[in-house]
Structures are given as C-alpha cells and as structure tokens.
Amino acid sequence: MKKRSHTCLLATTMASILLLMMVLYGSISSHQHQESTPFRHDYQLLGRPLFKLDISWPKYPELFRGAVFAVAVNHYGEVVYVAQRGDAVPKVLVFTTSGDFLMAWNTSTLEMPHGIFLADPESSNPTIWITDVGNGPYGHCVKQYSPSGNLLQVLGTPGTAGSRLSPLQFDQPAEVFVHGSGEIYLVDGDGGANNRLIKLSKDLEVLWVHGERGPGLAQFYIPHSVTVDGYQRVWVADRGNKRIQVFDAVTGDWLATWGSCFPEDAPYSVRLTPDKKYMVVVQLNVNRVSLLEAPPVGVVGQCKVVGMIRLPDDVKPHLVDVDQKTGALYVAEIGAGQAQKYVPIHQDGGAFY
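Everything in the sequence shown is counted per the UniProt record's numbering, starting at 1 for the first residue and increasing by one.
One or more hints might be untrue.
What the hints assert, rightly or not - Straight line, CA to CA, 27 Å or less: simulated BS3-like cross-link-like pairs of lysine-lysine: (1) Lys277 / Lys316; (2) Lys276 / Lys242; (3) Lys242 / Lys325; (4) Lys304 / Lys276; (5) Lys242 / Lys202; (6) Lys242 / Lys304; (7) Lys325 / Lys304; (8) Lys242 / Lys277; (9) Lys325 / Lys59; (10) Lys59 / Lys304; (11) Lys52 / Lys202; (12) Lys277 / Lys325; (13) Lys276 / Lys325; (14) Lys316 / Lys304; (15) Lys202 / Lys316; (16) Lys52 / Lys277; (17) Lys316 / Lys52.
As the list claims (entries may be wrong) - Ranges between beta-carbon positions, derived for each pair: (18) Gly216 / Pro312: 35 to 43 Å; (19) Gly301 / Ala88: 47 to 55 Å; (20) Val297 / Asn135: 37 to 45 Å; (21) Gly159 / Asp313: 21 to 29 Å.
It is worth saying that the hints were derived from the structure and are not from the lab. Cβ atoms here follow ideal geometry from the backbone N, Cα and C, with glycine treated the same way.
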C-alpha cells in the first residue's frame, strides 16, 4: 500500500513539473513572438479564437511608406485598396486579397485621403470613392475613381472649405458609403466646421441632412464613419461625442444612440460582418477593434460588446473594412504605418461569420 502511494505521489509530482515546464515554455515562446512581431495579435472571443492574423498579407509590407488611413475591399474581384498619406508616396496601393501587389496610384488629384469605399463591386465597372481632407487646391472633396485610379467625378468645391450653407460644399469630409441602390451617405466634418450626415440620391440630389453640431439627438461632433445595414438603418460613428447614432435610411429619422460601450475612447469606424449579426468598431486611442451585437429588425436596444482585438500601443487603428465574401477584416493603422488582415477561424465545420 505504501509503495503504491509513493508511486502515485511521484507520478503526481512529475506531472506537476511537466505542466509547469509547459506553461513556462509557452509564456517564453509567446513573449519572444511578441517581441519579434510587435503588431501580430490573434483575436479572442469568450476564450475561443475566432480571428487570426494573416501574417502573409500583404506579401510586400515594405510598400507601405506613409501613414495608412483607410482600406476598401472588392470581395467580388478579390482586390484591396489601401489609402495612405505622406510626401512623395503613392496615395493608393492596390493588392489582391491573397497579398500580391497589383499597382500604385501615382495621382496628383489626391492630397490627404481619409476614407475610402468601393461601390458596386459585382458590376463590370466598380468605382472607388475617396474623401479628401486636404487644405490645398484639391481638398475638401469627395472623389470617384476608376479601379486603375482615373478620376471620374468630384463632389464639392475643390480647395474651398464648406460654410455649413451648401450640403455639397464640404469641410474635411470623413467617409462615404454607397448603397447597392446607388444612394450615397456622407459624413462631413473630420474636425472642420461642418458636422453633418447627408443622404444623396444616385443622381446626387440631396434627400435629407442632419447638420448641427452638438451632443443632442441627431447632432454630431466629428462624425467619422458611416454604414448601412440590411434593415434600412444608418449607423454613424459620432467620434467627438463618443457614441454611435442610428437613423432611418428612408426618412432620416433618429432611431437610437449607443454610448455605454465607449467609456474609454470614441468609435472611429463602423462596418458590419457579412451575416449582419455583428458591428465591427475601431477605437484608435485604446488600440482596439471591437465586435458589437448588431440588433435584428425592430427596436435597436442597448449596445453590447461581445469581443475585441487588442492591438499593441501606438498602432492607432483608424478605419476598417470587411470582406463580404470571406468575413476577413482589413484594418488601416496610422501609427504602425500598415494595413493588416484578420481572417475568421472555422469552428465545428462552420464559419463565425
């Protein structure tokens, strides 16, 4: 009996030592990995990894030579457009979703790109919309380009900041969202005099506007990002007020405000996962990409954070886009000077998205 107890005690002790060595090795390996690749972190939700960083995207990260502000994905053509700022750098880099470099836009018609959006990706002629917040002769405009970088049209008065009088005269327009119907939603006022949400018809007629600065309902302070869900609702990242506001896409009526999810830092970017169940929200100052439950049709209710990607300090994620076919997240990072791709991990034979 004593021999058996001694044997069990020895086995337990050896198992404990082995477990301790595994934990220590894992901690050391994790620490070494973080030191060698400081901007590489996997995403965890409730203890399960649902996204992982695609460290092979893009294949030539050295092509990023400026401050990366925005990214747009053509899920149909499997192409990614990345907008960057800087002296003597191409303002847009174009990659495939697998990471190959395709081209750079060496256009002089862009000063300081802020937001970028790809419209009608499944058509034979998709276009790329870019907001320009520059103060030079081409700034304060919203511009439409061909996939190769040819300027097609300009909304606004180039080089002239808006004065809150004309809906189509912008002052540092932050982002544009083009619905499948052709209707256009604009948030105008990345620190400028205007603080507006504007809806245009596909023929560029003004359908409705919310345009007053303040903390009240349907007022804004630095509206920074906009998206539309499948239930005719418009979601706006009201950055200066540290909240998301929700509107009826048809009438423009205010529906709800989400603020309790952002006690530390404002939402900078809003996008939806392909299944429309989750809102992807970027918070620049706390270096975080969060997933919020997107409510189904009906009452919007309260916001609820269900998970997040925590990025290292000074990465400064700015805007995000979501591949509507694969569910991959593309994050534009000002501080790190790069864009990164996170891909969903399949669980139990199915995908998260």
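Hint check:
1. Lys277 / Lys316: It holds: about 26 Å lies between the C-alpha atoms, which stays within 27 Å.
2. Lys276 / Lys242: Roughly 23 Å between the alpha carbons, so the hint for Lys276 and Lys242 holds.
3. Lys242 / Lys325: It is violated: about 30 Å lies between the C-alpha atoms, which goes past 27 Å.
4. Lys304 / Lys276: The hint holds at about 15 Å.
5. Lys242 / Lys202: The hint is violated at about 31 Å.
6. Lys242 / Lys304: 15 Å, holds
7. Lys325 / Lys304: 25 Å, holds
8. Lys242 / Lys277: Holds, at roughly 22 Å.
9. Lys325 / Lys59: 21 Å, holds
10. Lys59 / Lys304: At roughly 36 Å apart (the allowed maximum being 27 Å), Lys304 and Lys59 break the hint.
11. Lys52 / Lys202: Violated - the C-alpha atoms of Lys202 and Lys52 are around 38 Å apart, more than 27 Å.
12. Lys277 / Lys325: Given pair Lys277, Lys325 holds - Cα atoms ~15 Å apart, limit 27 Å.
13. Lys276 / Lys325: 12 Å, holds
14. Lys316 / Lys304: 23 Å, holds
15. Lys202 / Lys316: Violated - the C-alpha atoms of Lys316 and Lys202 are around 34 Å apart, more than 27 Å.
16. Lys52 / Lys277: Cα-Cα ~19 Å, so holds.
17. Lys316 / Lys52: Within the cut-off at roughly 19 Å; holds.
18. Gly216 / Pro312: 35 to 43 Å: 37 Å, holds
19. Gly301 / Ala88: 47 to 55 Å: Hint holds: Cβ distance 49 Å, inside 47 to 55 Å.
20. Val297 / Asn135: 37 to 45 Å: 43 Å, holds
21. Gly159 / Asp313: 21 to 29 Å: Check failed, 37 Å falls outside 21 to 29 Å.
Checked against the numbered hints above, the structure breaks hints 3, 5, 10, 11, 15, 21 and satisfies the rest.
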